[in-house]
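Engineer: Chain by chain, the residues:
Number of protein chains: 2
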Amino acid sequence: MTGISRRAVLGGAAGVGAAAVGFGGGYAFGRDAALDASHTVAFRGAHQAGIVTEAQDRLHFAAFDVITDKREDVVAMLQKWTDAAERMTRGEEVTPDGAIGLGDYVPPTDTGEALGLSAAHLTLTVGFGPGLFGPSAAYPDRPDRFGLAARKPAGLTDLPAFAAEKIEPQRSYGDICVQACADDPQVAVHAIRNLARIGVGVVSVRWSQLGFGRTSATTRSQDTPRNLFGFKDGTANIRADETDDLNKWVWVGEQDNPPAAQWMTGGTYLVARRIRMDIEPWDRANLLEQELIVGRTKGPGAPLGQVGEFDEPDFRVTSGGAPRIPRNSHVAVTNPQNRGGVRILRRGYNFTDGSDGFGHLDAGLFFIAFNRDSHTQFIPMQQDMSRKDAMTEYLIPNGSAHFAVPAGLKPGEYWGQHLFA
Amino acid sequence: MTGISRRAVLGGAAGVGAAAVGFGGGYAFGRDAALDASHTVAFRGAHQAGIVTEAQDRLHFAAFDVITDKREDVVAMLQKWTDAAERMTRGEEVTPDGAIGLGDYVPPTDTGEALGLSAAHLTLTVGFGPGLFGPSAAYPDRPDRFGLAARKPAGLTDLPAFAAEKIEPQRSYGDICVQACADDPQVAVHAIRNLARIGVGVVSVRWSQLGFGRTSATTRSQDTPRNLFGFKDGTANIRADETDDLNKWVWVGEQDNPPAAQWMTGGTYLVARRIRMDIEPWDRANLLEQELIVGRTKGPGAPLGQVGEFDEPDFRVTSGGAPRIPRNSHVAVTNPQNRGGVRILRRGYNFTDGSDGFGHLDAGLFFIAFNRDSHTQFIPMQQDMSRKDAMTEYLIPNGSAHFAVPAGLKPGEYWGQHLFA
Ligand code: HEM
Ligand code: HEM
Numbered sequence: 001m002t003g004i005s006r007r008a009v010l011g012g013a014a015g016v017g018a019a020a021v022g023f024g025g026g027y028a029f030g031r032d033a034a035l036d037a038s039h040t041v042a043f044r045g046a047h048q049a050g051i052v053t054e055a056q057d058r059l060h061f062a063a064f065d066v067i068t069d070k071r072e073d074v075v076a077m078l079q080k081w082t083d084a085a086e087r088m089t090r091g092e093e094v095t096p097d098g099a100i101g102l103g104d105y106v107p108p109t110d111t112g113e114a115l116g117l118s119a120a121h122l123t124l125t126v127g128f129g130p131g132l133f134g135p136s137a138a139y140p141d142r143p144d145r146f147g148l149a150a151r152k153p154a155g156l157t158d159l160p161a162f163a164a165e166k167i168e169p170q171r172s173y174g175d176i177c178v179q180a181c182a183d184d185p186q187v188a189v190h191a192i193r194n195l196a197r198i199g200v201g202v203v204s205v206r207w208s209q210l211g212f213g214r215t216s217a218t219t220r221s222q223d224t225p226r227n228l229f230g231f232k233d234g235t236a237n238i239r240a241d242e243t244d245d246l247n248k249w250v251w252v253g254e255q256d257n258p259p260a261a262q263w264m265t266g267g268t269y270l271v272a273r274r275i276r277m278d279i280e281p282w283d284r285a286n287l288l289e290q291e292l293i294v295g296r297t298k299g300p301g302a303p304l305g306q307v308g309e310f311d312e313p314d315f316r317v318t319s320g321g322a323p324r325i326p327r328n329s330h331v332a333v334t335n336p337q338n339r340g341g342v343r344i345l346r347r348g349y350n351f352t353d354g355s356d357g358f359g360h361l362d363a364g365l366f367f368i369a370f371n372r373d374s375h376t377q378f379i380p381m382q383q384d385m386s387r388k389d390a391m392t393e394y395l396i397p398n399g400s401a402h403f404a405v406p407a408g409l410k411p412g413e414y415w416g417q418h419l420f421a
Numbered sequence: 001m002t003g004i005s006r007r008a009v010l011g012g013a014a015g016v017g018a019a020a021v022g023f024g025g026g027y028a029f030g031r032d033a034a035l036d037a038s039h040t041v042a043f044r045g046a047h048q049a050g051i052v053t054e055a056q057d058r059l060h061f062a063a064f065d066v067i068t069d070k071r072e073d074v075v076a077m078l079q080k081w082t083d084a085a086e087r088m089t090r091g092e093e094v095t096p097d098g099a100i101g102l103g104d105y106v107p108p109t110d111t112g113e114a115l116g117l118s119a120a121h122l123t124l125t126v127g128f129g130p131g132l133f134g135p136s137a138a139y140p141d142r143p144d145r146f147g148l149a150a151r152k153p154a155g156l157t158d159l160p161a162f163a164a165e166k167i168e169p170q171r172s173y174g175d176i177c178v179q180a181c182a183d184d185p186q187v188a189v190h191a192i193r194n195l196a197r198i199g200v201g202v203v204s205v206r207w208s209q210l211g212f213g214r215t216s217a218t219t220r221s222q223d224t225p226r227n228l229f230g231f232k233d234g235t236a237n238i239r240a241d242e243t244d245d246l247n248k249w250v251w252v253g254e255q256d257n258p259p260a261a262q263w264m265t266g267g268t269y270l271v272a273r274r275i276r277m278d279i280e281p282w283d284r285a286n287l288l289e290q291e292l293i294v295g296r297t298k299g300p301g302a303p304l305g306q307v308g309e310f311d312e313p314d315f316r317v318t319s320g321g322a323p324r325i326p327r328n329s330h331v332a333v334t335n336p337q338n339r340g341g342v343r344i345l346r347r348g349y350n351f352t353d354g355s356d357g358f359g360h361l362d363a364g365l366f367f368i369a370f371n372r373d374s375h376t377q378f379i380p381m382q383q384d385m386s387r388k389d390a391m392t393e394y395l396i397p398n399g400s401a402h403f404a405v406p407a408g409l410k411p412g413e414y415w416g417q418h419l420f421a
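Line order of the protein sequences matches chains D and G.
Counting from 1, one number per residue, gives the positions in the first sequence under the UniProt record's numbering.
Counting from 1, one number per residue, gives the positions in the second sequence under the UniProt record's numbering.
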């Protein structure tokens with residue numbers, strides 16, 4: 001049976017290049033390069049895609065445990081993953097043989113459910129967890145299996161415990177993560193599934209999370225979406241064109257690490273938090289109460305006391321003696337004006353995972369943030385939230401993970417090359 | 001604070017009709033009727049929408065337990081649900097007051113996360129489970145709480161147990177279901193959430209399921225999508241324009257029920273099955289093996305021995321003495337030629353719900369079928385599948401439910417009116 005390639009199917013019979021042969025009657029299709037190009041995000045570059053990339057609509061995030069002690073197996077898998085990831089982000093199958101290419105008596109190299117779909121702006125972003133370098137929260141007794149302890153970047157610790165969270169280990173931690181973002185969920189699910197398949201024997205899926213709607217804007221042309229509290233989320237995010245802020249708050253610099261951990265230069269730290277939102281009590285709160293908790297209006301999303309979404313919050317304005325934006329509001333706690341200028345890049349997704357078994361939807365925000373140093377950015381911010389943010393009353397974080405996301409790849413490089421090489 | 005309506009936000013500041021008033025600084029926006037119309041499906045009609053409606057991309061399906069014994073509370077909720085559902089399918093908020101309309105000191109009537117989104121072809125389809133009429137699989141000891149036993153349609157029993165399934169009660173059964181389909185998952189999630197909210201004290205969410213990709217085509221203009229086995233799914237489905245087959249195999253006729261259950265005339269039975277797919281062993285099967293199990297080719301989706309997707313399967317063709325389409329293939333077991341002409345309307349969705357705790361993705365097909373009589377259509381088909389379909393080896397059904405879906409609503413009618421009135 002001859003090859004069938006993904007984009008090809010979009011064009012129907014156009015580009016048929018070979019007659020049907022073999023038992024099942026296969027076809028070879030040509031690819032539609034123009035369509036590909038308009039739906040793809042470059043895989044290689046100074047930084048990994050999927051960070052400042054215009055936030056796609058859907059997410060499939062997976063955290064893997066590395067289940068082997070053999071360093072060369074991990075490296076070989078990362079090499080295969082890189083090839084596969086690059087191909088899939090171009091809208092192609094996992095291998096040139098495609099979903100039905102190798103013949104009747106071989107399992108297809110690609111699982112096939114993305115045949116006929118565009119690349120849908122797929123990005124695949126890889127990160128390495130503390131467990132790759134030795135003992136970790138998930139496996140406190142595990143040795144440094146791959147001789148990487150010396151290469152562990154200073155910033156890559158397990159996240160500390162925060163007040164008012166209920167962390168479930170089966171939704172937390174992980175030795176390697178892959179964030180798949182795409183405008184079509186089937187494309188994101190296909191990508192994670194095929195990477196998991198390539199990794200059989202080397203990694204196993206520890207947890208995975210589907211996000212159905214983005215809660216951030218990362219470029220100026222993007223509308224601000226809404227989270228499940230009904231508020232615009234992502235308004236004050238760092239945007240892709242804020243180069244100075246990205247260099248200051250997102251990308252790891254040379255000076256941040258000793259020579260042995262220079263593989264992190266140009267990278268960033270990814271914080272993932274599965275935050276269940278207590279939507280029923282929230283929905284019973286008055287509009288004013290909701291707005292005072294967030295610090296912004298529900299309609300246009302303006303800072304309280306201002307009119308437009310993108311007006312700067314003014315924390316000095318008072319009303320009846322009290323600050324117009326309450327000090328315990330989410331915006332007051334997290335805004336850079338009150339944090340010595342500190343910012344983070346948020347790129348989270350709404351989730352709904354069925355019922356909680358008590359008659360309510362298990363819904364919330366799968367919070368993803370990228371920052372240059374979680375210890376001076378995300379962690380103190382989350383500590384302040386846990387301590388004084390009024391929103392915390394409505395939040396139950398139950399998943400938590402921290403990953404070191406290396407810089408982007410130059411041509412020919414593979415994921416983790418500068419870490420393992 | 002003045003009203004803000006959903007569609008309105010799409011037009012940005014266009015149509016601002018009132019000055020900002022109140023604490024948070026609200027706006028009134030005009031609606032964009034043209035955009036609405038192009039993204040809406042009519043809510044009322046001879047049959048409910050969401051059955052032969054061109055299959056939307058995403059699903060949020062919820063099953064509710066009725067937790068009250070008061071018939072009038074159930075009726076009042078169904079009336080409120082109907083109003084809300086009709087509004088939401090038009091792309092509007094749950095009530096005319098909208099997400100921020102009633103003022104600072106009232107909880108908003110709409111939860112707000114769909115502000116700014118189109119109706120996305122939202123359909124909401126309601127169904128009634130056996131438990132509404134007396135004892136059921138979920139609550140075997142429950143009496144006929146609402147005096148409806150006599151009105152129970154003959155066809156509405158709990159589904160029987162099938163071989164090789166592992167039914168989990170917390171993913172199964174339910175007194176009322178609502179199927180929300182939309183091209184934007186946030187719109188489908190918003191709809192279910194707001195209905196759940198309206199139902200507080202009357203119903204509680206028993207289970208809910210997100211489906212990220214459709215696995216059926218219901219109109220001829222729709223491409224056939226692929227399921228997680230990588231095969232086209234929905235090829236031989238009943239299409240919306242096959243009026244004779246719909247009347248024969250989908251819509252309940254007058255003659256099907258005694259006078260007391262005539263409320264089902266023009267309705268249909270919904271079968272929901274959460275079918276976990278064993279994708280890892282499947283992915284290890286040869287291409288030929290996969291095709292022999294399905295009875296179709298993986299690429300174009302043609303019946304084995306034929307060339308095009310829509311060619312009729314020919315079960316007489318042999319190859320080396322054996323039928324070209326094996327007798328135990330899924331298509332041979334389910335095709336009408338081998339079932340005395342019996343057909344069903346399939347309208348399922350792919351799902352991926354994180355990891356199964358054993359290193360694999362919990363992924364599969366949320367199978368939804370509509371048929372006129374599950375006892376002569378779905379049930380024997382599933383029994384034959386369980387007994388002889390080779391695909392069964394790769395399937396673990398773990399959720400199961402059966403609902404009576406009444407006919408569509410005339411102007412002024414509410415969901416369940418002919419059942420309760
Ligand atoms: C379910 C949990 C959360 C919800 C619903 C939520 C919601 C919001 C909303 C509505 C805004 C205002 C609009 C905007 O600028 O994006 C906001 C801003 C922000 N949030 Fe959150 N958030 C959550 C969790 C977190 C967490 C865990 C952090 C970090 C520890 C965080 C950090 C921020 C920051 C830095 C801003 C921007 C503040 C500013 O610059 O004005 N949020 N969030
Ligand atoms: C995860 C479970 C299932 C998978 C992966 C699956 C997959 C497929 C595929 C690939 C086809 C061929 C293309 C098409 O005509 O749509 C098909 C056809 C069909 N399936 Fe399934 N199916 C599943 C479960 C079921 C169940 C539970 C039933 C009903 C008991 C069913 C009934 C049918 C019918 C009636 C057809 C059309 C057969 C024909 O007319 O040729 N399927 N299915």
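Careful: at least some of the hints might be erroneous.
Said to hold, decoys possible - What follows is a set of in silico ranges between Cβ atoms, one per label pair, in the way DEER data are often shown: (1) 141(G) - 280(D): 24 to 32 Å; (2) 421(G) - 280(D): 25 to 33 Å; (3) 144(D) - 223(G): 46 to 54 Å; (4) 67(D) - 393(G): 23 to 31 Å; (5) 69(D) - 338(G): 49 to 57 Å.
These are calculated hints, taken from the structure and not from any lab test.
Quick reminder that beta carbons are idealized off the backbone N, C-alpha and C, glycines included.
Engineer: Okay, residue 144(D) versus residue 223(G) on CB: inside 46 to 54 Å?
Structural biologist: holds (50 Å)
Engineer: Does the hinted range 25 to 33 Å hold for residue 421(G) and residue 280(D) at CB?
Structural biologist: Hint holds: Cβ distance 31 Å, inside 25 to 33 Å.
Engineer: Do the beta carbons of residue 141(G) and residue 280(D) sit within 24 to 32 Å of each other?
Structural biologist: Taking Cβ atoms as reference, residue 141(G) and residue 280(D) lie about 28 Å apart, which means the hint holds.
Engineer: Between residue 69(D) and residue 338(G), does the C-beta distance stay in 49 to 57 Å?
Structural biologist: holds (52 Å)
Engineer: With 23 to 31 Å as the target window, see if residue 67(D) and residue 393(G) comply at their CB atoms.
Structural biologist: holds (26 Å)
Hint compliance for this structure: no hint is broken.
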